[in-house]
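Based on these hints, arrange chain B on the given structure of chain A.
Number of protein chains: 2
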Amino acid sequence: MLTNTKYVYNFEEGDKNMKLLLGGKGAGLAEMTRIGLRTPPGFTITTEACNYYFKNNKLPPGLWDTIVQSVKTLEAKTGRVFGGAPKILLVSVRSGAPVSMPGMLDTVLNLGMNDQNVELFSKESNNPRFAWDSYRRFIQMFARIVLGLKGNKFDEVIEKKKKELNLTNDFELSEKDWKEIVQEFKQIIRSAGKELPNDPYRQLELAINAVFDSWKNDRAVVYRRINKISDTMGTAVSVVTMVYGNLGTNSATGVVFTRDPNTGEKKLYGEYLNNAQGEDVVAGIRTPSAVEKLKSEIPNAYTELKRSADILEEHYKDVQDIEFTIQDGTFYLLQTRSAKRSAAAALKIALDLRMEGILTDGEAVNLVQPEQLNQLLHPQVDTKRAGSPIAKGLAASPGAGAGKIVLDPDEAVKMKEKGEKVVLVRNETLADDVHGIAVSEAVLTARGGMTSHAAVVARAMGKPAIVGSEDLKIDLDKRGVNFKQDFMWEHQEVTVDGTTGLVFKGNVPLTIPELGNEFREFMEMCRRVKRLGVLANANTPEEAILARKNGAEGIGLARTERMFLGAERIPIMREMIMSDTLEERKSLLEKLLPLQYNDFVEFFRTMDGFPVIIRLLDPPLHEFLPKKEELMVGIVETRHKRKSQAKDKKLKEDEEVLRKVNSLAEFNPMIGFRGIRVGVVYPEIYEMQVRAILRAALKVKEEGKTVIPEIMIPLTIEANELKLVRERLQKAIDEELKGKELKYKFGTMIETPRGALTAGEIAEVAEFFSFGTNDLTQMTLGFSRDDVEATFLPKYLEQGIFKVNPFESLDKNGVGELMKICFERGVKARPDIEIGICGEHGGDPDSVKFCHRIGLKYVSASPYRVPIAILAAAQANTESKEVN
Amino acid sequence: MLTNTKYVYNFEEGDKNMKLLLGGKGAGLAEMTRIGLRTPPGFTITTEACNYYFKNNKLPPGLWDTIVQSVKTLEAKTGRVFGGAPKILLVSVRSGAPVSMPGMLDTVLNLGMNDQNVELFSKESNNPRFAWDSYRRFIQMFARIVLGLKGNKFDEVIEKKKKELNLTNDFELSEKDWKEIVQEFKQIIRSAGKELPNDPYRQLELAINAVFDSWKNDRAVVYRRINKISDTMGTAVSVVTMVYGNLGTNSATGVVFTRDPNTGEKKLYGEYLNNAQGEDVVAGIRTPSAVEKLKSEIPNAYTELKRSADILEEHYKDVQDIEFTIQDGTFYLLQTRSAKRSAAAALKIALDLRMEGILTDGEAVNLVQPEQLNQLLHPQVDTKRAGSPIAKGLAASPGAGAGKIVLDPDEAVKMKEKGEKVVLVRNETLADDVHGIAVSEAVLTARGGMTSHAAVVARAMGKPAIVGSEDLKIDLDKRGVNFKQDFMWEHQEVTVDGTTGLVFKGNVPLTIPELGNEFREFMEMCRRVKRLGVLANANTPEEAILARKNGAEGIGLARTERMFLGAERIPIMREMIMSDTLEERKSLLEKLLPLQYNDFVEFFRTMDGFPVIIRLLDPPLHEFLPKKEELMVGIVETRHKRKSQAKDKKLKEDEEVLRKVNSLAEFNPMIGFRGIRVGVVYPEIYEMQVRAILRAALKVKEEGKTVIPEIMIPLTIEANELKLVRERLQKAIDEELKGKELKYKFGTMIETPRGALTAGEIAEVAEFFSFGTNDLTQMTLGFSRDDVEATFLPKYLEQGIFKVNPFESLDKNGVGELMKICFERGVKARPDIEIGICGEHGGDPDSVKFCHRIGLKYVSASPYRVPIAILAAAQANTESKEVN
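Protein chains in written order, with the numbering used here: chain A, 1 to 884; chain B, 1 to 884.
Okay, chain A solo, but in the shape it has when bound (with noise of 0.2 Å):
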């Protein structure tokens, strides 16, 4: 490693592939010097020097010769000497890290001057006030970042000189005064106890050094951390030589997109500043004109920038964002690399490009982020035309909506049912509460993380939803909600903007993005390159037919547990779980069935020629039972007060609720009483669930459907509690079908670890296996979601434990081993078996990259994100095969 490592690659020696090892900028010079266009020579510093830096505290034995040896060749191809004469070269110490990192990263401009060479330079240039100009720039780079000092003292000393001297503008300060304001910028230096050297090379050397230590400064690891950026990879540095875009009329810089990021649409798009350098236009002191001036004002240069950028478009296949400045009239690029864009502008790129030929179909799908498709799929406020938010909090499920403010949920079903718009506003949402968010515009929590139950109900049913916003205290004595600085009372109008977190006072303006032709063709697009199954999870036939228009080929999890949630349904439900016999229980389910009947033909008749697939009941019987602190609370309320025979009624039908309740309570329900466990104590629930499925499935056929009916049985841990359902089961699924023909299948989820390991003996009863990631991801990391969420989860993300959220992006070194074990497991003892994944990670874009590699059929994601599914899918299947 010492001897041979190669730290340091003149741009003739690198190209685009090696970004890792060069940085964005260093492998986007090499590039372009590769073929041939114009740059400032230069060399890059690698990435692993920067590594090795950090490690040992110094550069790597010979570094820094090999550094001087770079120079030596800058100076030969340049006819220059490094801070000397008779020619001087300067030199842009520049960082560039593997991924882009805008404005993180520091830079210093003008490296190799001091007060000898100025004179020097003023003479080679014949203009003093540039050359005096360059070198106050230099100084006040070099102290800010190199030395640490602050930016402002030398700011307030530029300011200061142009108010005594009654000016504006920089540019209007002359020779004398940047000479003077150089004494001054040497003062500050000198007070602060620091020394700006003078020789070039311990500046370069400086320079370097404070290059890498930017890779650690605040900012750099707050960005890494949000945009899950690793901290082990490091920057580069590029040496670069100066070229001027201050020297004069002729002169300027500026930055270009190759075609316009907002709208896709083919035009060069930027703008530049004559004679200026790099950080004026991002000091934003002088407007910049649009880049079709310089077509008038610099002709030759503007043909060269045009040519530069379609070479550069059809070079990398893609839109650029390019850094070039004109010295003298000469154009040179400084940077080039993929621009950001809207989602609207990613969409119409991707197929123009595909259109010209640039791209095929599967190259043109890697085009869009994922997640860009939410800016399409959901209205948003329109900022432009809004006031100030009034609270913020997380962007839990995006869109916006606005109604009148309801502080719960049976409220938010009367203002409907008057034909109000409503915003379920609450400290949390619980299961009781769907009913309420069913019918409201919007959501909105004190509490709960993304994955909390109001997020992902919200997210389910395709509501805005703002979640664990600290900025709002509900008062329900006053009934009216504490935002930051306002009061509103229950009933005062909201908007809820789910896309950016942000809660509006009113009713503000939503623009409503359009699905255009652009987006059903890339998705048609996305089809053809993907073999991913993408299907959708949908608890209501209103779900269903959602996600049959966003492209959903089947429902992937129909939840049936929901069902029982309805105002009429749930009194029986309850009704059930409190009845002792099996009679009693019977005959309540008996009144149940027909209810779900009624939702299956709804899915089959939707899904006509697609798979349904139907989990039968889920969670804890407990879950449908009012929660116990209330009861007990409510008794101890009701004795006190009792008076009337009324009340001793209530206490009574309390108290035996209330046993109920206590004989079902568990300490951890998540790992209790529920699933298929309850499907093996108490049979004749899902035996009503089958006859239901099968009945609505045999009705819709008869209607001329193509019906494909799945019977999924959730939480199987031992293939000998499946065989003794499928058993079970059997029996009232040969008296519907009574010889009728129906092809059906029968399988289970697969949510636990032990489901996973023993899936090889599972896969001899089940037709399919459905990955539960939520579950699985609990059991696997012993993180109950409710709990982790709430307290140490964001402690572990801040720390960097896990780089991300597992419940939003598979955990693929736990989880996803244990889905990898499993699939080996069941394929080799049922080799057509049907693998998929219906948990929330169905919907997140590296999560289904991770399922497409590992093998699967098909995700199942939640109507919404069913095209981002899609897309993930597409980009999946034309990937390298990675390592995971």
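To give an idea of the chain A side of the interface with chain B (calculated C-beta under 8 Å), a few residues:
1. Lys-628
2. Leu-715
3. Ser-784
4. Asp-786
5. Val-788
6. Thr-791
7. Lys-795
Everything labelled a hint here was simulated from the structure, so no lab data went into it. Everything numeric in this text was worked out from a predicted model, so none of it was measured. Beta carbons: idealized from backbone N, C-alpha and C, even for Gly.
Chain B in isolation, oriented as in the chain A frame:
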């Protein structure tokens, strides 16, 4: 399978290793035949035939012909004809499973008789009474076993007859009486619509089917479930030439043990009945004679019995339980099998056979069942001198204890301080009750299973315990307990026998087993044989002392949280949890440090020369706070009763605590904020604990003892979190050591599927792993122990979905699979890593053997189960490598 399978073996063709195929009885008869002992000729139909029969509802094709052929061979050997002339051959059709199921399966004697040949048999035997007695026996058995009639009807006929004749004993009935009885028997059969076949071969065929069927009769199914015997083994059928112990006074039948099964003394031990058939011994109609009497009664037969016993014992290398019949002076062996014996006898026999040179060490340790040692380790109620029990429950923790009933733990402490012995009686116990359990002689609860809190804690403390007794109802208003029939006040005396699960009124006599030299010698032998280390789990210094006494080679799990539960400690702990600032917490932890330090000093002193593995704080913090519901109800109560300032103060405090409890409340605490997660968020707690450990270790080292401290982190799921904790603790460690030399280890528990799956990475940070199989079982199976044992698990065991409770014996296919994966990956990453287990399973013999097989270094068991684990470990090392 169909063509070549050999379904029938003559006795000459089998041997003792063919138990699985021939059943215990068949293999024994074959082996005795093979080594030249006298057995009646016969053949065995295999268990494979039985399984074929169950699968296809008929005997395998060709089998019947083979059976007929085998009968012909019998005829040739004996010079007799099956059911015919001139000399009649009768057979017995005997069940015999691979594993002994005494009395569960069926057998038919005297088969081959009918109305015709009974006369022939009279002549041949010259004993018509004997012939008709034999015939009625045959009819009686055939009717019951083959035709499925109730036995009591036949018994009634005989009783009636004796009454008529004013006789007492069966043998007083004459030929004529039996003839009449036979006619009545036939009448019973006819009126039941059944038929007694005349044809001996038809009798044989039906009897074989009936014996096969008996494998699935209710009592056999239940017996197998209780004894964890596989349902798929099936039974073999041996067809044996009849010999008659009821031919006269020179005939007899009996059962003998080759040594005394109660004491182990080396002498024949058993009894016989003169002039009787096998079932007469069982029926207890006549009192049998002790086997010594045979020496004078039929001396030649006795000599042959003694000789056979010696040969069999040496041949089988174990004490034998032998059935024999003497027919007219000729001695026949009918069965031999390993003798059941008491624990004391088992020890003595193992040691004696070792001394006699019959066994090696490795063979001798296999003559004692690990669980048998329990009988030796705990006092028991002397059932001969105690009265009837007043209640029964689950025998959760062995041993017996007597004391005054107390209904809450504080009362227990108060009484104990007065010098009273107490028995804690509760509906169920919680973490808060531990101080009460600690001072009680025994624990008795109305609810909970074998692994409920009360059971686990009591076993860990070696306190006798009965849990889940439905025979008791606590009446807190009256302060007393309703037992099934008796009401007892608090402070009345009871005796609890946790070995048998029985509760007695008053202080009944106990027998206290003495651990004599034999116990010590036997354990010494086990230690020579085993490879696996056996450590102990200990929560207090007292338990550590006991652990050493019982042979533990160190502490495998010292749970530090129990150290926070003492009366002086819990208030500080609660205050610490309630405090909101780091400073406050630190100062409170400073108060806890010396308390922990003192405990650790005692541990290290006791374990001089042995490792002490100390686990840092594990449970969720809310476990140290009062329960939520109690607080809520209390607050409402207080509000309503509020009259004085004092109440208001209490109200405020309660509300404060409730707020904290709410903020710490979890939906699934088991998989929530606990273990290392608490250590990551509140580093100061672990830091205090590590300082206390090192200070104590240094102190005891200075005393000249050898200390081997090992710091164990609970619940790690990811290398990064362990690394973070280790790095943070390093500073505290360095400060405590201040350069002093002290070897310590740093490791982690593996309690989650993810911990096991990512063991490779974790091993880079940990010097040792200890499987926490309680939690690992909970997460792998998704089984919350407290919940599933109270809800569906009993049903799962009953239905045979699981053969054993996975919390009692390791679930090898799920949890065991993860352990293997973890072991492989851990060892690969760090070849010298030490891997053990410290869950409850460490004291379960089956689990200990599994741990041995997969290569673990040690198991850690509760102090009381250390000898059991040592024996299991020794046995494990003598087993040939089994497939799991």
